Amino acid sequence: MTKVVFDEEKCKGCELCVQFCPRKVIVMAERINAKGYHPAVLADEENCISCGICARMCPDAVIEVFKP
Amino acid sequence: MKQVYSVPKSLQPRSTHYCPGCTHGIAHKLVAEAIDDLGIRDRAIGVAPVGCAVFAYDYFDCDFQQAAHGRAPAVATGIKRSVPDSVVFSYQGDGDLASIGAAEIVHAAMRGERITVIFVNNAIYGMTGGQMAPTTLVGQKATTAPFGRQKEHCGSPLRVSEMLATIPGAAYVARVALSSPGNVAKAKTAIRKAFETQLAGEGFSLVECLSTCPTNWGMGPYEAMSWLEENMIPYYPLGEFRTPEGGPNNA
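Residue numbers (our numbering), protein chains in the order written: chain A, 1 to 68; chain B, 1 to 251.
Honestly, the hints are just simulated from the structure, not real lab data.
Since this is a predicted model, take the numbers as computed values, not measurements.
Fair warning: there could be bad hints in the mix.
Quick look at which bits of chain A chain B covers, simulated, 3 or more residues with Cβ under 8 Å [claimed, not checked]:
hint: 1; segment: 8–15
hint: 2; segment: 42–56
hint: 3; segment: 59–65
We treat Cβ as the ideally placed atom computed from N, Cα and C, and that holds for glycine.
Chain B with its partners taken away, still in its complex shape (with noise of 0.2 Å):
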């Protein structure tokens, strides 16, 4: 029999310590299935973040380095000025990536440096117990928000691909959702030309991958997969906002 689907190649072949139907599983396949594709399995090296995905040098099968919170894009850009024929990402939440690497993320786009970044927003912080993140939505309960978030009192969640998207060196930034097969499918041909962007040598690229939470939401892992698509996405909108080609906000 032919075969359809099979486990990526640069995946370890075992379990993680994701809770059921985190999406994080889903993220890491697709960049291993992207690095697979590329046959850059021997010069790839990725940065993991402080948060879910910090036991990710465990799953991928891949040169790996742990970074201290928040700065992963800090550690990328030294591996990557340093071995320049690596091919490096950084792999982060938006507890992350958006609220203490917010500095670093932001100056490695203006750099332009040539690393891909794999931002998995769920909205909230997972592995600390459901507090509210910088993304966590107008409403959207947390720990630390009982009531849902009030925007008089903590501001409206932040877009990091859109403000991502008006910096000069910033490559390829583009949003996708994991949260049906079609748009995993469109997630996954994003953060294939996301590492292609490095590959060509063309600056900084970044992927946001809409991602869900069903421990710290609350919800069955399909549940919380529609509720993605019927809260995040209306305030998270898809789509790529910059390319190497031009975008809605090359400037």
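Next up, chain A with everything else stripped away, as it sits in the complex (with noise of 0.2 Å):
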């Protein structure tokens, strides 16, 4: 499991958690969901603090953050 956990097909790819990252691990992915949108995925889980900043920006509720 990873420490952050995105619902992909609620994503609707506002960028918001890209934004406010402080450790800016998190990317659009190249591919498309369902709605048509890029949904966010994790991409340097090695620096990810699991400070919960992105789930909490979310407005579509798609992430969940886990601690090790």
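Using the supplied hints, reconstruct the complex from the two chains, each of which is provided in its own coordinate frame.
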């Protein structure tokens, strides 16, 4: 299991998680979801500090965050 | 692994119709978190407005009623008085609350109704296509103000929290912004405090959430949050204007 879990089908690609992530470890995927948006994904798990800011700022309740 | 953030239980596990980056979703999550934290899901009854949040009953996992435009505080009054053990909240936008519903909100506060109002202020009419609202800033463009709101013609934007804080029946009135992680954390505290005010039977409570409307402002979601901080907060200052313990406007 990864530190940040995205419910990709709910993602609308607003990129707020990407912008507010203090470690800049989230990127938008090349693929598109059923809604036609590029979903956010965790690109650099090693540098993720599980702070939860991405989940707090996500308007669509896409993100759940875990800490090892 | 330990869970740091989970989706609130009081939200339905479904996608919303809101535009990408709309802060209604953040406000929904904060209300749902407050309901979860206080363990009041079985007693919570929401009242949805007319506006973008009209379908809120599809997104919260608690009882809900949809009200006529601006009349959510009146409907909430009826529910609270007939089911006093319930925890009643209305969820209204600025077009709903500050314009057509201005009388209802003022009189609900005057009567000291034990309801909680979540007031989402994005300074524009969202659902109908970006018309000027009573809360639109001077100079801000809207479809009905293509050159920006003009003070000589339309007056100055209405500061709802300051106005309601002068009313003795209002027990808790606060303004927060959904524009950054820090401000969202403060918003969560304020919304929880508003519900606690109702649970303690202290009177009317309202939290004004400064919000963005990326679609009708014509900006990206992140750019809209910066615009909110640079333009809305100077005119709509954040803070608690009235609390059960006292505040700058208590009299």
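Outcome of the hint check:
no., hint, in the structure
1, 8–15, "holds (count 6)"
2, 42–56, "holds (count 6)"
3, 59–65, "holds (count 6)"
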